[in-house]
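Respectively, the protein sequence lines represent chains X and A.
Here the first sequence is numbered in this note's numbering, starting from 1 and rising by one per residue.
Here the second sequence is numbered in this note's numbering, starting from 1001 and rising by one per residue.
Be careful, since some hints might not be right.
One-sided excerpt, in silico: chain A residues whose CB lies under 7 Å from chain X [to be verified]: (1) D1026; (2) G1078; (3) V1089; (4) N1091.
Example chain A residues on the side facing chain X (calculated, C-beta under 8 Å, incomplete) [stated by the list, open to error]: (5) H1023; (6) Y1048; (7) R1085; (8) E1086; (9) G1095.
Think about it this way: if two alpha-carbon atoms lie no more than 25 Å apart in a straight line, the pair counts; the simulated SDA-like pairs of lysine to any residue are [claimed, not checked]: (10) A/K1182 to X/L378; (11) X/K515 to A/L1099; (12) X/K472 to A/G1095; (13) X/K502 to A/K1169; (14) X/K515 to A/K1181; (15) A/K1181 to X/K545; (16) X/K300 to A/Y1093; (17) X/K502 to A/G1078; (18) A/K1182 to X/G613; (19) A/K1169 to X/K300; (20) X/K502 to A/K1181; (21) X/K502 to A/D1098; (22) X/K515 to A/G1095; (23) X/K502 to A/N1080; (24) X/K515 to X/K493; (25) A/K1169 to X/K545.
Simulated from the structure, these hints should not be mistaken for laboratory data.
Backbone N, C-alpha and C define an ideal beta-carbon position, used for all residues, glycine too.
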Amino acid sequence: MNRQRMTMFSWGIAVAAVLLLVIYSCAPKAPAGRRAAAGVSDLAFAAQKTYVAPGDLDEYYLFSSGGHSGQVYVYGVPSMRHLATIPVYTPYPATGYGFDDESKAMLGGLTWGDVHHPSLSETKGDYDGRWLFVNDMNGRIARVELRDFKTRQILGPIPNVSGNHASAFVTPNTEYAMMASRFSIPIPKGTPAPIEKYATDYKGVVAAIKIDPQNGNMSLGWEILMPPFDYDLGDAGKLASDGWMFWTSYNTERATGQLEVTSAQRDRDYIAAINWREAEKAINAGQGDMIGGVKVLDPKKVPGVVYFLPCGKSPHGVDVSPDGKYIVGSGKLQGVTTVFNIEKIQTAIRNKDFTGDEDGIPVLKYESIKDAEVPVGLGPLHTQFGPDGYAYTSLFVDSAIAKWKLGTWEVVDKVPMSYSIGHLCAAEGDTVSPDGKWLIGLNKLSHGRHLSVGPSQPESSQLVDISEEKMKLVYDAFTEPEPHYAQMIKADKLHPIEVYPKAENHHPLAVWDVKDAGVSRQGDQVIAKVVAVRSTLWPTSITVKKGDTVKVAITNIEQTTDELHGFGLLDYNINIVVDPGETKTVTFKADKSGVFPYYCTNFCSALHQEMQGYLIVNVQ
Amino acid sequence: MSDSITVADRPRAATRGPRGRFHLLDASIGASPRVLLVVAALCLLPTYFFPLWNLTMFAPQYGDGLRLHIYSHELDGGNNGQDVREINVLNHYIGMHDLQAADFTEFKWMPFVIGALGLLFLRAAVYGQLAQALDVFVMSLYFALFSLWSFGYKLYRYGHDLAPTAAVKVAPFMPPMFGHKKLANFDVYSFPAAGSYALGAAVVLVMLAFVLGWRRARGSAVEA
C-alpha cells in the first residue's frame, strides 16, 4: 500500500464514521425511561412547601382508608408523616386492639374488614371534628371517636345490604350515615335464588344509619329497595341540594357473568337521586315493610323518593359542589365528566320530564338536567373542590388530575400522577367551605418510585400544591395499603385528649391504688384487679387453678401523657395496651397449667424491663 | 397627714403608759405607721390565694416542665395537679418520700398563724403604740425566718431521707431553695412566688411602721 492509498483509506474511514454517527443520531429510537421526569416541580419550592421542621406541627390531619387492612391511617399534611394507625376492623397488637374483651366483642369474630370511604362528621355541611365513620365491605359501619382516636362502635352486618362499598357518607348535619349494596342479592339475606333470576329476584339496598347527635351512637334507621344494579359511591346533597342523596350505579344492564363486558354495554348508567327527607317522612308515617328486621321502603309504592339520572358509562364517583348546585358524575369509561344541575333536576321532576322507568322508579331526561359534559380526560373517577369555584377530577386512565372551573366548564390545568390515581382528597374538599391549599392523589400503583421492597409494592399518595393557578406536585408518600378515599381536616378542629381523666373512669373493676390490686375468686371465676404504674404490675403474681375462667382487669393509674403500659401474657396469646387512666379487661380460660410470665409490652420507663410478673396455673 | 410631730398631739405622745412612767414604747407611732400596719395586714391576704414557692423541673422528656406550687395550706402541681403525681413517680426510683399534704404540718398551722399575725397587725394599728409595732415586727420577722428555715429543712430531709432499697442509688442532696440546680437529668429552678413576696412586703411594711413610729416617739421623748 502506497502513501496516497493510505491517505485515501483513512479519509474513507473517517467519512464512514461521521456518516454512521449522523445516521445513528437521526434514526428513530426507543425513548428513554420518563419515570423520573413525571411531574417534577421546582425542588426548592417543593422542599419549602412540604418541610415541617422537627418539633413543628402539620397543618392538616389526613384520615386515609386502609382498604383491606381494615384500618384507618392518620397522616400529617403537608409533611405526609404517618402519625397513627387506628385499628377498626382488624386486630392490632400495637395498641392491643382486638385482644381485650371490649374490642374483641366489637370485632364480632371477624379479623378483617375492607375500609374504603372515611366520612368525617359534619355540622351545616362542614367538618366538625367529632367523629369519623368508615365502611366495611362486610356490611358493617364503624365510628371512630376523634376525642381519643379510638374505634368506639361497629354496627352490623346491616341486614339486606350486601357488599357495603358505597359507604359511609354522612348527611350535612350528620343525621345519617348512608350505605348501599354493591353486590345485589335476594333479600332478606339467606334467601337463595338462581343467577338466571338476577334481573328480577336480586335487589339492591340503600340503608340509612341513624346517628345520635349527642354521642354519635349509630342505630339501624331504614332502607330503600333498589333495582339490582351495583351501587358504587355516594355523596349527600348540601345547601341547594340539601335533603338529597346521590349514588352512582353501574351494571344497570342487570347483567351477570363476566361483568367487565356484560355490564359495560349501555352508553349510560344511572345516578340514583334519593330524597331522604321524603323517605324519612314515609317511614315516620308508618310506610315500608319489615324485611330482615328493618323497615324497607319500596319506591314503587312510595313515589317521590327515588329518581334516576342517566350518567356517562359506568359512573364511579358522584360529588356535590360546595354550594350544592352541581352534581358531578364521572363515567369511568368516558373522557368526560357530567355535571347535573339540582334546579334542573327539580324542575324535571315537577314537570315529570321522564324517559322511562326502572322497576317503577322514574328516569329523568338526560338533556333536561345536565349542565355540561366537561372534557377532563380519560377515565374520570372522583371530583373534589377548591374554595374558588375550581373542581379537581382524578383521571385513572390518563393518570392525572384535571383542574376545571365550575360554570365555565373550562379545563385549565393538569398534573400527572404516578400512577393510576383512584380517589383524590382536597383540604376539606367535599364540604360547603373547601380550603384549597392541598390536594392528594391516592394512587393505585407506584411502579418503583421508591426503593425496591420486592413484588408487594406500596401504594402512593402524592401531595399537590393547589394554592396557585398551576398545580404543583410537591411530595411522594408511600401510604399504608390500601388507600381508597381519604379526608383532610384542619388540625385546629380537633382537640384530642392525651390521658383519660381519672374522674371519667367508671369501670367497675378499676382500682387506683396498688393496695387495692389483687385476686378474688367466685367458684371457678377468678378476677384479677391489676394496677399498672411505673414500673410494676401489681400484683406481681396471680395464682389460679387449671380450668378457671380468669378475668384480668388492668388499670393504668398514670395521668401523664404517653405513659402507656402493656400486659403481654406469654403462651396465652394475650396482649393488652392500656392508656393512662384507662381500664381494660381480658377474659380467658386457664386451660394450660404451668407458670406464664406477664410483662409490660409498651415501653414505659427506665425500669420497664423489671415490670413483670407470673401467672401460676396449678393443676387441680 | 404628716410624719412631723405637731404641737397639738405632743401631749398625747408623751402620756404615761402602763409602765408607770413615761416610756418610749408607750409613745404613739402616729397616723402613717398605723396606715402601714393596716396595709401590712392586707398584704397577708394574697398568701391564701397565691403560692409561697414555685419549683420547676425541666428535663428532655419534660419540655414544658414539671411544676410544684407550694401554698401556705396546700401542695399543688402543674397540669391540674398531675405534676405532683409525676414527681412522686420519678422520685420513687431514687427512694424519696412521696410529697403528700399529710406530711406537711405547716399546712395546718401556717394559715392560722398568718391570720393571727394579721389580727395582731390590726390590733397594733388600733392601739397605735410603739410597743405593739415592735411586737408585730419581731413576730412577723420571726415567723418569716422560721418558715424559711422550716422550708429549707423540709427540702433537706426530702433530699437526705432516701430509702435504702431504692432502685437507683444517689448521694443525698440538697434540693435548690433559690435559683437553679442540676439534679440528674433535671434542671431544677426554685423561686419564691407571689405569696412569699406579699409576706415579705408585710414584714417590710411592719418594720417601716416600727421605724417611723420609733423615730417619732424618740423625737417626742426628746421634746418632753
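Interface restraint verdict for A/G1095 against chain X (beta-carbon cut-off 8 Å): Constraint on A/G1095 not satisfied, violated at 13 Å.
Given the hinted pair A/K1169 and X/K300, is their Cα-Cα distance within 25 Å? violated, 82 Å
Checking one constraint from the list: CA of X/K502 to CA of A/K1169, max 25 Å. Satisfied? violated, 32 Å
Taking the closest Cβ pair, is A/G1078 under 7 Å from chain X? violated, 12 Å
Pair hint A/K1181 and X/K545, alpha-carbon separation not exceeding 25 Å: Outside the cut-off at roughly 54 Å; violated.
Close enough to count: is the Cβ of A/E1086 nearer than 8 Å to one in chain X? holds, 5 Å
Please work out if X/K502 and A/N1080 have their alpha carbons no farther apart than 25 Å. With Cα atoms ~12 Å apart, X/K502 and A/N1080 stay inside 25 Å; holds.
Run the distance test for X/K472 versus A/G1095: straight-line Cα separation, threshold 25 Å. violated, 59 Å
Does A/K1182 pair with X/G613 here, judged by a C-alpha cut-off of 25 Å? violated, 35 Å
Quickly compare the C-alpha distance for X/K515 and A/K1181 to 25 Å and report which way the hint goes. violated, 35 Å
A/D1026 as chain X interface residue, shortest Cβ-Cβ below 7 Å: violated, 60 Å
Does the interface hint hold: is A/V1089 within less than 7 Å of chain X, judged Cβ to Cβ? Since the shortest Cβ distance to chain X is 5 Å, the answer is holds.
Hints 1, 2, 4, 5, 6, 9, 10, 12, 13, 14, 15, 16, 18, 19, 20, 24, 25 from the earlier list are contradicted by this structure; the remaining hints agree with it.
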